[in-house]
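There are 2 protein chains.
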Amino acid sequence: MSMRVPVHLTAILLVAAHAASCATQIPDQGGSVDSLLSELLTLERAALERWIRLDPDGYLALYATDVTYFDPTTERRIAGATAMQTRLAPMRTMKPPFSDPRYEFIDPKVQRHGEVAVLTFNLVNYGKLADGAERELARWNSTEVYAQLEGTWRIVHSHWSYVQAQPKSPES
Amino acid sequence: MSMRVPVHLTAILLVAAHAASCATQIPDQGGSVDSLLSELLTLERAALERWIRLDPDGYLALYATDVTYFDPTTERRIAGATAMQTRLAPMRTMKPPFSDPRYEFIDPKVQRHGEVAVLTFNLVNYGKLADGAERELARWNSTEVYAQLEGTWRIVHSHWSYVQAQPKSPES
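Chains as they are written, first to last, in my numbering: chain R, 1 to 172; chain X, 173 to 344.
In isolation and in its complexed conformation, chain R is listed as follows (with noise of 0.2 Å):
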């Protein structure tokens, strides 16, 4: 049972499991999808795609400066690009415990405010387990706020939840 498994091991690789190459589904409603919304997808689904083999430099070269973090692991919010450098090396000699990997982002969206796009989605990962079989892994909450830095789009702030959660257990 994924309990067992350190609770940071197992969440960073559940978000690993984001980074499928397929299986994506965008809302298209004919043929309108927002630029905006394409153009920040598709740098969110480079990130991704490293991530799933486990090389956190896609998100990293994302991440402003001043970005900020919270995620299911985190007990405090993470504050600057070098603290996510060093929160996330232990990312490249992990193995991920599933094989074939797939999302889907459920009804991505922007609003843009200046020079500020916030990106939220739902998103659910899956991927095929020890006996072979595909599992729902986790569905998230996801906001990524993205700032328009010296013309390049970097994420400022980025929260990732579980939806509808569980408070974390009180220690027995």
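Don't read these hints as lab results, they were simulated from the structure.
Each residue gets a CB set at the ideal place from its N, CA and C atoms; glycine is no exception.
It is possible that part of the hints are untrue.
Stated by the list, open to error - Partial selection, computed: residues in chain X whose CB lies under 10 Å from chain R:
#1 Thr245
#2 Tyr334
#3 Gln336
#4 Gln338
#5 Lys340
With the hints as your guide, set chain X onto chain R.
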């Protein structure tokens, strides 16, 4: 045990407990608290102080028309002030399962980029249960994206999640 309470109600009420009028800890750093941070925390507290009385109208007044929203009760991202009004209306007829709520902000921070200010903090909330003893009720990761719209700060995106949450239990 709180797990027996419907998750939706539990989470709304835990959020309600954010809104204590005391014990708010903001690192002062020798009086140099940024004025924008102070301004946004004033807005946030005013909304929370109504929220604690199960009055959602403080937050509803802060939400931009195109607000988007995640919390541990949402199955999908909520979009739009009208959808938030519908979602929060049931609060008005609820009673909290605790008394004497108080909370602590942990290290609130603002990142400003043009007309957008990303306010992030961790938050711990406490309350007294039926036995009269104060308990820690929940720990939160909190993202409030404010945009200056017609000269007024409005929340355009809000994301609340439990610190170190567990994924939703599989349906049995």
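Interface hint for X:Lys340, Cβ within 10 Å of any Cβ on chain R = X:Lys340 check passes; min Cβ-Cβ to chain R is 4 Å, inside 10 Å.
query = If you take the shortest Cβ to Cβ gap from X:Thr245 to chain R, is it below 10 Å?
reply = holds, 7 Å
query = Does X:Gln338 pass the interface hint, meaning its C-beta sits closer than 10 Å to a C-beta of chain R?
reply = Status holds, d = 5 Å.
query = Would the hint on X:Gln336 stand, with a C-beta cut-off of 10 Å toward chain R?
reply = holds, 4 Å
inquiry  = Is the interface hint satisfied for X:Tyr334? The criterion is a beta-carbon contact with chain R at less than 10 Å.
reply    = Hint holds; X:Tyr334 Cβ to chain R Cβ min 5 Å, cut 10 Å.
The structure meets every hint from the earlier list without exception.
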